[in-house]
Amino acid sequence: AQSVAQPEDQVNVAEGNPLTVKCTYSVSGNPYLFWYVQYPNRGLQFLLKYITGDNLVKGSYGFEAEFNKSQTSFHLKKPSALVSDSALYFCAVSIPEGTYKYIFGTGTRLKVLA
Amino acid sequence: ETGVTQTPRHLVMGMTNKKSLKCEQHLGHNAMYWYKQSAKKPLELMFVYNFKEQTENNSVPSRFSPECPNSSHLFLHLHTLQPEDSALYLCASSQQRTGSYEQYFGPGTRLTVT
Chain L
-15 AQSVAQPEDQ VNVAEGNPLT VKCTYSVSGN PYLFWYVQYP NRGLQFLLKY
35 ITGDNLVKGS YGFEAEFNKS QTSFHLKKPS ALVSDSALYF CAVSIPEGTY
85 KYIFGTGTRL KVLA
Chain Y
3 ETGVTQTPRH LVMGMTNKKS LKCEQHLGHN AMYWYKQSAK KPLELMFVYN
53 FKEQTENNSV PSRFSPECPN SSHLFLHLHT LQPEDSALYL CASSQQRTGS
103 YEQYFGPGTR LTVT
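Chains L and Y, in that order, are what the protein sequence lines are. Residues -15 to 98 (the numbering used here) make up the first sequence, in order. Residues 3 to 116 (the numbering used here) make up the second sequence, in order.
Looking at chain L on its own, in the form it has when it is part of the complex (with noise of 0.2 Å):
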């Protein structure tokens, strides 16, 4: 079965530090791979993508993520926390052939500490 898998429920950082929220994939092909971001009472917001070329992608608010084919991971990360990063992460995969479909994992809620 194809599915996207995010260990970690909750990611505890102190602000100023690195941080990293860790996704892996099971899926055939090639999948696009996403980034998003949930405030509370919002919807999610996109961070950023990879779809070919790179490994290393650039997002916003100074997040980026590495794409590891021999892996299957594509983990999130941001060089320096702050504490208005705290929010729930979701990584999402979508696979481009035949018919689309877009699989998210369950989210890991990221808490920067002051």
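Rather than coming from a laboratory, the hints here were simulated on the basis of the structure. Any given hint could be a false lead.
Keeping only pairs whose Cα atoms sit at most 30 Å apart, straight-line, the calculated DSBU-like set for lysine-lysine is [stated by the list, open to error]: (1) Y:Lys21 to Y:Lys38; (2) L:Lys33 to Y:Lys38; (3) Y:Lys20 to Y:Lys42; (4) L:Lys95 to Y:Lys43; (5) L:Lys6 to L:Lys95; (6) Y:Lys43 to L:Lys42; (7) L:Lys95 to Y:Lys38; (8) Y:Lys42 to L:Lys61; (9) Y:Lys43 to Y:Lys20; (10) L:Lys33 to Y:Lys24; (11) L:Lys53 to Y:Lys42.
It should be emphasised that the depicted structure is a prediction, and the values quoted were computed from it without experimental measurement.
Guided by the hints, dock chain Y onto chain L, whose structure is given.
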């Protein structure tokens, strides 16, 4: 903010009621989606419309009935719901349904079924 609006933002309904959720996108996108977001579960794709045609129905119970009169508007008609249908219902749109385009989400409708 994202160009996708949803009304109402909150809805409480009894199991015998009939209500509708509305979504409107102001982005000129061709594809629109309904998702269900429940706590501790992955985001569940319910329906997809591409150029007003329904292209995906993820085994959603018939008590949920979508309607897409044009590329800018999407409705979710609800009737005889169950308490387990209580969740956040998110609408999203994207430029195309090819899978390489990010989705833009509305703020959601928090539905409580009593």
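Is L:Lys6 close enough to L:Lys95, meaning Cα to Cα at most 30 Å? OK: L:Lys6 and L:Lys95 at ~14 Å, within 30 Å.
Holds or violated: are the alpha carbons of L:Lys33 and Y:Lys24 at most 30 Å from each other? Between L:Lys33 and Y:Lys24 the Cα gap is close to 28 Å, so the pair holds against 30 Å.
Do the alpha carbons of L:Lys33 and Y:Lys38 lie within 30 Å of each other, as the hint requires? Cα-Cα ~22 Å, so holds.
Check the hint pairing Y:Lys43 with L:Lys42 against an upper bound of 30 Å on the C-alpha distance. holds (28 Å)
Holds or violated: are the alpha carbons of L:Lys53 and Y:Lys42 at most 30 Å from each other? Between L:Lys53 and Y:Lys42 the Cα gap is close to 27 Å, so the pair holds against 30 Å.
Does Y:Lys43 lie within 30 Å of L:Lys95 when you go C-alpha to C-alpha? holds (19 Å)
Tell me if the straight-line CA distance from L:Lys95 to Y:Lys38 falls inside 30 Å. OK: L:Lys95 and Y:Lys38 at ~24 Å, within 30 Å.
Keeping to a limit of 30 Å between CA atoms, is the pair of Y:Lys20 and Y:Lys42 held or broken? Since the Cα atoms of Y:Lys20 and Y:Lys42 sit roughly 27 Å apart, the hinted pair holds (cutoff 30 Å).
Pair hint Y:Lys42 and L:Lys61, alpha-carbon separation not exceeding 30 Å: holds (23 Å)
Y:Lys43 and Y:Lys20 were given as a pair; does the straight-line alpha-carbon distance stay at or below 30 Å? holds (26 Å)
Between Y:Lys21 and Y:Lys38, is the straight-line Cα distance small enough, at 30 Å or below? Since the Cα atoms of Y:Lys21 and Y:Lys38 sit roughly 16 Å apart, the hinted pair holds (cutoff 30 Å).
Violated hints for the displayed structure: none, as all numbered hints are satisfied.
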